[in-house]
Amino acid sequence: MIEVKDIHKSYKMGQNSLKVLKGINLNINEGELVAIMGSSGSGKSTLLNILGMLDEAETGEYILDGVLIKNLNETKAAHYRNKFLGFVFQSFNLINYKTAAENVALPLYYQKTNRKERQEKALAYLQKVGLGEWAGHLPSEMSGGQKQRVAIARALAAAPKVLLADEPTGALDTKTSYEVMDLIQQINDEGKTILIVTHEEDIANMCKRIVRLKDGVIIEDVKVEQVRAAQYVQ
Amino acid sequence: MKLLFSRDTWQEIFGSIRKNKGRTVITVIGVLWGIFIYITLSGAAKGLNNGFTLEFQDMATNSMFVWSNQTSVPYAGFKTGRRPQFKISDVEQLKTKIPQIEFIAPRNVKGMWDGSPAKVVYGQKDGSYNVYGDFPSLVKIAAKKIFDGGRFLNEEDINLSRKVCVIGERTQTDLFDKEDDPLGKYIRVDGSYFKVIGVHKFEPGGGFESDSDIYIPFTTFRKLYNSGENVGWFAIAAYDDANVTQVEADVKNTLKKIHQIAPEDDRALGSFNLGEMFNRIMGFANGMTFLSLVVGVATILAGVIGIGNILLISVKERTKELGIRRALGATPGEVRGLILLESVFLTLVAGMMGIVLGAFVLFGINAATQGLEFPYSNPTVPISFVLGALAIMVVLGTLIGLIPAQRAVSIKPIDALREE
Ligand SMILES: Nc1ncnc2c1ncn2[C@@H]1O[C@H](COP(=O)(O)OP(=O)(O)OP(=O)(O)O)[C@@H](O)[C@H]1O
Ligand SMILES: [Mg+2]
Numbered sequence: 001m002i003e004v005k006d007i008h009k010s011y012k013m014g015q016n017s018l019k020v021l022k023g024i025n026l027n028i029n030e031g032e033l034v035a036i037m038g039s040s041g042s043g044k045s046t047l048l049n050i051l052g053m054l055d056e057a058e059t060g061e062y063i064l065d066g067v068l069i070k071n072l073n074e075t076k077a078a079h080y081r082n083k084f085l086g087f088v089f090q091s092f093n094l095i096n097y098k099t100a101a102e103n104v105a106l107p108l109y110y111q112k113t114n115r116k117e118r119q120e121k122a123l124a125y126l127q128k129v130g131l132g133e134w135a136g137h138l139p140s141e142m143s144g145g146q147k148q149r150v151a152i153a154r155a156l157a158a159a160p161k162v163l164l165a166d167e168p169t170g171a172l173d174t175k176t177s178y179e180v181m182d183l184i185q186q187i188n189d190e191g192k193t194i195l196i197v198t199h200e201e202d203i204a205n206m207c208k209r210i211v212r213l214k215d216g217v218i219i220e221d222v223k224v225e226q227v228r229a230a231q232y233v234q
Numbered sequence: 001m002k003l004l005f006s007r008d009t010w011q012e013i014f015g016s017i018r019k020n021k022g023r024t025v026i027t028v029i030g031v032l033w034g035i036f037i038y039i040t041l042s043g044a045a046k047g048l049n050n051g052f053t054l055e056f057q058d059m060a061t062n063s064m065f066v067w068s069n070q071t072s073v074p075y076a077g078f079k080t081g082r083r084p085q086f087k088i089s090d091v092e093q094l095k096t097k098i099p100q101i102e103f104i105a106p107r108n109v110k111g112m113w114d115g116s117p118a119k120v121v122y123g124q125k126d127g128s129y130n131v132y133g134d135f136p137s138l139v140k141i142a143a144k145k146i147f148d149g150g151r152f153l154n155e156e157d158i159n160l161s162r163k164v165c166v167i168g169e170r171t172q173t174d175l176f177d178k179e180d181d182p183l184g185k186y187i188r189v190d191g192s193y194f195k196v197i198g199v200h201k202f203e204p205g206g207g208f209e210s211d212s213d214i215y216i217p218f219t220t221f222r223k224l225y226n227s228g229e230n231v232g233w234f235a236i237a238a239y240d241d242a243n244v245t246q247v248e249a250d251v252k253n254t255l256k257k258i259h260q261i262a263p264e265d266d267r268a269l270g271s272f273n274l275g276e277m278f279n280r281i282m283g284f285a286n287g288m289t290f291l292s293l294v295v296g297v298a299t300i301l302a303g304v305i306g307i308g309n310i311l312l313i314s315v316k317e318r319t320k321e322l323g324i325r326r327a328l329g330a331t332p333g334e335v336r337g338l339i340l341l342e343s344v345f346l347t348l349v350a351g352m353m354g355i356v357l358g359a360f361v362l363f364g365i366n367a368a369t370q371g372l373e374f375p376y377s378n379p380t381v382p383i384s385f386v387l388g389a390l391a392i393m394v395v396l397g398t399l400i401g402l403i404p405a406q407r408a409v410s411i412k413p414i415d416a417l418r419e420e
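Read top to bottom, the protein sequences are chains A and B. Numbering of the first sequence is given in the UniProt record's numbering, commencing with residue 1 and proceeding in unit increments. Numbering of the second sequence is given in the UniProt record's numbering, commencing with residue 1 and proceeding in unit increments.
Since the hints were derived computationally from the structure, they do not count as laboratory data. If a hint is listed, it holds; no wrong ones were tucked in.
Lysine-lysine pairs mimicking PhoX-like chemistry, simulated, CA-CA at most 20 Å apart:
#, chain 1, residue 1, chain 2, residue 2
1, B, K412, A, K70
2, A, K98, B, K316
3, B, K412, A, K76
4, A, K22, A, K12
5, A, K98, B, K19
So here's chain B without its partners, still in its complex pose (with noise of 0.2 Å):
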């Protein structure tokens, strides 16, 4: 402890490391280099884990969705290849089996899968766009941004089968001119005129829809397309604390049994958890981090092996001065020590270079990627990181001076003066 905080012994070690300028630098750049590929790695990592994050706090993780597909076990006299149509009174049933759930939105459109994208006219502009029709809990299962001044559907929209209408950011730069307000101006949807309430704005990662979609309410859909008591398919939302996954299959089985499709039929009916997804993409977020953790260490233990092999070769140079050293009555231990605290100086000085030079890079790719579309936030090393590389970096500076360090005392004084 002494011997660290003499002024000598750090006069010694500066007097080693300026005689030695080419090896020095060299030495720093390879662990700075190291300790800044992990820095710039982590937070990179760090920066998309965050930008997912961001991605899905406007969505209800523990949602899904449930459709219906062809069958393919015949059941109750039924043949394969029938078609389950859910109808709006398997909401009231669901809700009653299944207490999990706390908003249950039944969905149809036009377009997508079902026939073709309605013909959407206004005034000399069309363009086809699928239609949903929705219910206002939908916004509770996947939020929808708003534009200001307009709205989403509500109740009485419902309750009135309105004309009414949320169309998407694309629709409105498609249909409408840059100083036109589509709120309030009508459009035509299929024939029929509807007002526009609101403009969404487009959230990627949320399934299959996109910024041209068309809200209008459930029951002005159905009397619009005929679609009677069907129902395209459910979105769901449990209670947070519900296990989506569980939910999804109990949502599933009752399904199965209000429209007679054999229990051990895994294909008549499709479904999609947020929940199971945004664990995949987090967990793939998640590998990143644990990856460039990986990739950081061992980049930083190239670069400690480095100052080890070179302190090597150094102390091969040196042996002369050490001989004399020891001569003139330096102890094997004082020898170490001079070589050990020159390993663990260098390592440290180099690595908090790299870290400052890490952290230069991460603020320039935060500012590169401000306002992208792309899912990248706030790139930060957390401090137990940087310490944690801190700490490792004086271990293996230490573990690995050791090898130089009894490589030099080693050798006999007396072999070591004769060494030219």
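One chain only, chain A, in its complex shape (with noise of 0.2 Å):
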């Protein structure tokens, strides 16, 4: 589903530049659960960026899904993040002047879908994270859980061939954690293609797979035994 092969990228700080990926090569296949994990500035947000086609790569390859991603114009970006991929953030950024289902469903706007499927369909994805009966309600009116719970039925709405999150438990207590993790999982055993960045280990080890960064390279990449979240909530 995504291959990347030898992506370096830096930053440019004044005079100097700031190398943060020194050459990544990485295969992620459909149906994956995968855990990015490393200190704080390590790259994680850097590589995760540039998967979801925020940010430009440097130099190297990166085909998504048998399509290579190479010098693409702001348009075509946008339109191949709406096809292809899902953002959750750490931070929910969800719109908050919009109802629940109106942030669910604006994915689908930008896809061109007609307003009364994408009614449906905001519906059912919000039925999908439990919030069905939250769907008139904006985002100042929920919690910290449910607030991400929406940003995941809005990164799922559009149907992305890859679900990509920063820290989607970084603002979040253990125990919402675990549910917003149980919810992942259930996504990930519908087929999904998930990579999540986190800094907890508990939360890593409820992956398949977990990807270890360090100065801009991947100093391991081991397989685990996944641990399933739902043991923890009631």
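Put the complex together from the two separate chains, hints included.
In structure tokens, the structure reads:
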């Protein structure tokens, strides 16, 4: 599903440039649930943003679902993001003046789905994350866990190939984190490819594979026995 | 186009407008004020214009007056400082020499510049008023509105040297009691009794005359004041298609020849043509219209620039939101379109409100100036001006909107998302 070859990325900081990714090679198959770990500043978010076409690598090759992602203009990138990718952010990034249902429907709007279908799908995904009753509420009326579930519903709404989550549980307490992970595992069980950036070992262990970054290179890439989050959730 | 008519587009726009109520209100007020000023100013200027036109409609704008001063160049054995005396015989000569003359009225006056005003007595009341010796043709040159029941001088009055007079509105109120109908009454003018045959209404703007003037037949005047063949000055109307300024020059040249004035003596004869004055006043009114147009458009421009500014701030405030939208698949074009439409929509709504408000104010001004002695009438803004203003606003709204729209997409989505 994802093929990454020798990706380099550096940030210009005035005179000198800071090398953040120094040759990343990574293959991720369909249906995988991968945790990307590493200390702060190791380049996890940078890698995820490149995979999400929000940022571009300097050199190297990135193939997503058989499509070579290269020299995209913004419009093309927007179409690919919309079609291939779903994002979940640490800070939820819901649009605060839109209701839960409107937030979930937004990627469908950009997909030019008609209004009725959009509303139906948005409601269906909200129900899937257990928030059917909350469709008409604004983000400000919801808890962190609920907001993140709305964000997950939104990321799923456009039926992307890959779900990219940058510290999705970073702003949540342990119990809520497990609830969110339970949801992510369920989605993965249905066959969706998911990448999660996390700092927490217990969250990483709920994935099927752990990739460790250090100073811009992968230092470890192992398959793990998945810990089911459901057992911690009543 | 599809974007423009989709319900979703408008929902997005209303969403963001509703979210930023304060901003929206301030923006709208800016443009509203601009278009309001524009509409009110140009309407008021139009009213002034209409007022002047109305003022002049009773006057032959192709009319002129010519009088004599003192000569300033010695000629044909005459020294300078002579005052040429127009004669009644000049009329025929002028008429034959200058075919463009339609009407010519020789005039004399007692009062004004020729001696002291006549002493006029009616019953116990008296007063001093200017008395004019006139021909009936005067009304063809400078219309006189005569109140109901009365009339102006006629040919018979001239032929019979009748002792009849037309008095002014103010003369009437000065000399007659309210219930006393002046028509048919006799007033004493410098010792002679005159029958009042009409009361004329005062029309402002018609030169030096006033609402207390008394008109008597030219021939009667001649007898009363022994003016003989003398004429004080001429009032002349040219045909509609004639150039008054040219006629004015021709008349003066002819009179110079008759009265042996040096052709190069510019000071010996004085003249005044209403056409020129009319043009000057209309020029002033048109200038006002133009000025109000300029000021109005500038104010609209300022308002629209205000919208641009506020949208720029709003785009900055919404950086993160726009970043989220782009992460979810909004293309730069879609983001730009959203901002642009918002700009145009705000401009238009504000503009229409301004037009309505301006129309109300014009309505108020019209009502307030009703019946006032002020040249102001029917202040309307031509529909083409209104449509033009709306078009200008749409165009400016789009152009101004382009700046924040471009700003919104110039930042990379990843940087936009990082924004707090
Ligand atoms: N836009 C940027 N400009 C300059 N430097 C940047 C930028 N984004 C990231 N960096 C730098 O690149 C390095 C890697 O950043 P990145 O966000 O990928 O780290 P991370 O592994 O996600 O860290 P964390 O766990 O704290 O989120 C850091 O040193 C960071 O300071
Ligand atoms: Mg990070």
